[in-house]
Amino acid sequence: MPVYRIWCSIILVILCTYYGILMGQREKERIVVNEELFKLLLKLKSEFAYGMVPLEEAFVNVISGYEGRWKPLFKQVSHMIENNSENEKLSDMWLRAVNELPVAAMLAGEEKKELIRYGADIGLLSKDALIKRTQMYMNFLDRRNSYLYGQIYQKVKVLRVLGITAGLFIAIIII
Amino acid sequence: MSGFENILPIPLREKIHNVMCMNMHIEEIRLRLGRPVILRGSGGEEILDYMVTKEDINLVYELVCSHSAYAYEEELRSGYITVQGGHRVGFCGKTAVENEHIKAINCISGINIRIAREIRGCGKCVCQYLIAGDENDKNAAREAKNVTKKKRFYNTLIVSAPGGGKTTLLRDIIRIISDVYRINVGLVDERSEIAASYRGCPQNDVGIRTDIYEACPKTEGITRLIRTMSPEVIAVDEIGSKNDLEKLRLASLSGCGILATIHGEGLEDIKNNPLSGVQAVSERLYENELYASGLFKRYITIEKNHNALKVFDEKGEVLYAGL
Numbered sequence: 000m001p002v003y004r005i006w007c008s009i010i011l012v013i014l015c016t017y018y019g020i021l022m023g024q025r026e027k028e029r030i031v032v033n034e035e036l037f038k039l040l041l042k043l044k045s046e047f048a049y050g051m052v053p054l055e056e057a058f059v060n061v062i063s064g065y066e067g068r069w070k071p072l073f074k075q076v077s078h079m080i081e082n083n084s085e086n087e088k089l090s091d092m093w094l095r096a097v098n099e100l101p102v103a104a105m106l107a108g109e110e111k112k113e114l115i116r117y118g119a120d121i122g123l124l125s126k127d128a129l130i131k132r133t134q135m136y137m138n139f140l141d142r143r144n145s146y147l148y149g150q151i152y153q154k155v156k157v158l159r160v161l162g163i164t165a166g167l168f169i170a171i172i173i174i
Numbered sequence: 000m001s002g003f004e005n006i007l008p009i010p011l012r013e014k015i016h017n018v019m020c021m022n023m024h025i026e027e028i029r030l031r032l033g034r035p036v037i038l039r040g041s042g043g044e045e046i047l048d049y050m051v052t053k054e055d056i057n058l059v060y061e062l063v064c065s066h067s068a069y070a071y072e073e074e075l076r077s078g079y080i081t082v083q084g085g086h087r088v089g090f091c092g093k094t095a096v097e098n099e100h101i102k103a104i105n106c107i108s109g110i111n112i113r114i115a116r117e118i119r120g121c122g123k124c125v126c127q128y129l130i131a132g133d134e135n136d137k138n139a140a141r142e143a144k145n146v147t148k149k150k151r152f153y154n155t156l157i158v159s160a161p162g163g164g165k166t167t168l169l170r171d172i173i174r175i176i177s178d179v180y181r182i183n184v185g186l187v188d189e190r191s192e193i194a195a196s197y198r199g200c201p202q203n204d205v206g207i208r209t210d211i212y213e214a215c216p217k218t219e220g221i222t223r224l225i226r227t228m229s230p231e232v233i234a235v236d237e238i239g240s241k242n243d244l245e246k247l248r249l250a251s252l253s254g255c256g257i258l259a260t261i262h263g264e265g266l267e268d269i270k271n272n273p274l275s276g277v278q279a280v281s282e283r284l285y286e287n288e289l290y291a292s293g294l295f296k297r298y299i300t301i302e303k304n305h306n307a308l309k310v311f312d313e314k315g316e317v318l319y320a321g322l
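First to last, the protein sequences are chains F and P. Take the first sequence: its letter number 135 is residue 134 in numbering that gives the first Met the number 0, and every next letter is one higher. Take the second sequence: its letter number 173 is residue 172 in numbering that gives the first Met the number 0, and every next letter is one higher.
Certain hints may be false.
Listed below are the simulated DSSO-like cross-link pairs for lysine-lysine, each with C-alpha atoms no more than 27 Å apart in a straight line [as the list claims (entries may be wrong)]:
| hint | chain 1 | residue 1 | chain 2 | residue 2 |
| --- | --- | --- | --- | --- |
| 1 | P | K123 | P | K309 |
| 2 | F | K44 | F | K126 |
| 3 | F | K42 | F | K70 |
| 4 | P | K123 | P | K53 |
| 5 | P | K102 | F | K126 |
| 6 | F | K44 | F | K156 |
| 7 | F | K74 | F | K111 |
| 8 | F | K88 | F | K112 |
| 9 | F | K42 | F | K131 |
| 10 | P | K102 | F | K88 |
| 11 | F | K38 | F | K74 |
| 12 | P | K309 | P | K241 |
| 13 | F | K156 | F | K126 |
| 14 | P | K102 | F | K44 |
| 15 | F | K126 | P | K53 |
| 16 | F | K156 | F | K70 |
| 17 | F | K27 | F | K88 |
| 18 | F | K70 | F | K126 |
| 19 | P | K93 | F | K126 |
| 20 | F | K131 | P | K93 |
| 21 | P | K241 | P | K314 |
| 22 | P | K296 | P | K241 |
| 23 | P | K93 | F | K88 |
| 24 | P | K14 | F | K88 |
| 25 | P | K314 | P | K296 |
| 26 | P | K102 | F | K131 |
| 27 | F | K88 | F | K70 |
| 28 | P | K314 | F | K88 |
| 29 | F | K154 | F | K126 |
| 30 | F | K131 | F | K156 |
Hints in this document: simulated from the structure, not taken from any laboratory.
Build out the structure end to end from the sequences listed, making use of the hints.
Structural data, given as structure tokens:
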């Protein structure tokens, strides 16, 4: 048996195993990303309740001291509101910002839809309604994370095993 | 356009721009749901070929609130919001009432955008007559560098018919006495028309030594100013009740000068008991109590048709007459 085939097989097994581990990590990352957003929304709720400042200022206050993955979203929307020479609606600006956000690619379909829906609602609500809407979105994130936590260990195991198995399978075929 | 274009839909903005290119000075833009846009100004009225839709109303509302309706609840309850540039946007529509007070305006059907207009220098010719010791010095208001000693301000009342320019004149006098005469002025801007603050920043120039209480009832604002800001002059717009007069009298007893405006056809309107015209003035102020109170030492009248300004002393003698 040629040596290169053995080496190819070993590399393939390692790569597939690594890919499986990476997918598992990504699932864990989703939980972390949702938790980060949850904390930002908690701060935002306080801004709405006590700060009573316009949205662009509330967003800037919320991301002050925060360097995580959601910062570009709030920063961009705040900037768009301030420089809205085309007189766009908030829902359009928010949608554009979400679509350009790198971390949005990590979100499941329903999570992204809910994020877009939240941005479309917050411009025209009264203070009480806005606080309740924010709380509603936070409850959604909480439920999602509880679901993901319940699933995460099984998912990570399955993905790792799949990775190893796929690698071995391809190695056997090659050999 | 002076900043109000930021709250208009783009197609409407272009039509208004065309009208302004024809040298029409716009004072008001009226948007009524399902009806054409109407512009009102110095040249009369212009009806645009643009029908206002629900989307237009919603967009203007969203832009005026900076996409933050929750932050403007108090202003919306009052029915108007001041935007950047000092322009006032009034709303009307179906109201939600609770305990006989308007809680919110739903289903906005009409928007009135009043374009801010500041005329700097319109009070220059009268200010010297309002400061003790400066009546004979014609150059007093212009020579800021020569004002080394603080001057005493005569309690002054500006009288004019509605739309005569009282608020514009009041604003400029506040600016001059604050900047030129270095007097600390406390301004109670009850309807956000004088300073027209946007996010706390006055959009009209009211002077560097002016403290502003915005969207605050006059009586409350006067009390707080005296208690906290040590004003040398208190300025209010449109006194209209015995309470206002009483509060101003107390302020005067505290050592503050008073600068106020009131609706009226002229000095005779305040002196006598009119049976027509601005009769409500006398009824509210118990006939000629305002004039007889002795609170005011200077009266400025503005005649709307002729744009004529006159300054009277407390005896009714003319100190200045001009345009």
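Outcome of the hint check:
no.	hint	in the structure
1	P:K123 <-> P:K309	holds (13 Å)
2	F:K44 <-> F:K126	holds (10 Å)
3	F:K42 <-> F:K70	holds (13 Å)
4	P:K123 <-> P:K53	violated (46 Å)
5	P:K102 <-> F:K126	holds (13 Å)
6	F:K44 <-> F:K156	violated (37 Å)
7	F:K74 <-> F:K111	holds (18 Å)
8	F:K88 <-> F:K112	holds (18 Å)
9	F:K42 <-> F:K131	holds (14 Å)
10	P:K102 <-> F:K88	holds (25 Å)
11	F:K38 <-> F:K74	holds (16 Å)
12	P:K309 <-> P:K241	holds (26 Å)
13	F:K156 <-> F:K126	violated (45 Å)
14	P:K102 <-> F:K44	holds (22 Å)
15	F:K126 <-> P:K53	holds (23 Å)
16	F:K156 <-> F:K70	violated (32 Å)
17	F:K27 <-> F:K88	violated (35 Å)
18	F:K70 <-> F:K126	holds (24 Å)
19	P:K93 <-> F:K126	holds (19 Å)
20	F:K131 <-> P:K93	holds (24 Å)
21	P:K241 <-> P:K314	holds (23 Å)
22	P:K296 <-> P:K241	holds (19 Å)
23	P:K93 <-> F:K88	holds (23 Å)
24	P:K14 <-> F:K88	holds (21 Å)
25	P:K314 <-> P:K296	holds (8 Å)
26	P:K102 <-> F:K131	holds (19 Å)
27	F:K88 <-> F:K70	holds (21 Å)
28	P:K314 <-> F:K88	violated (59 Å)
29	F:K154 <-> F:K126	violated (40 Å)
30	F:K131 <-> F:K156	violated (38 Å)
Of the numbered hints listed earlier, those contradicted by the structure are 4, 6, 13, 16, 17, 28, 29, 30.
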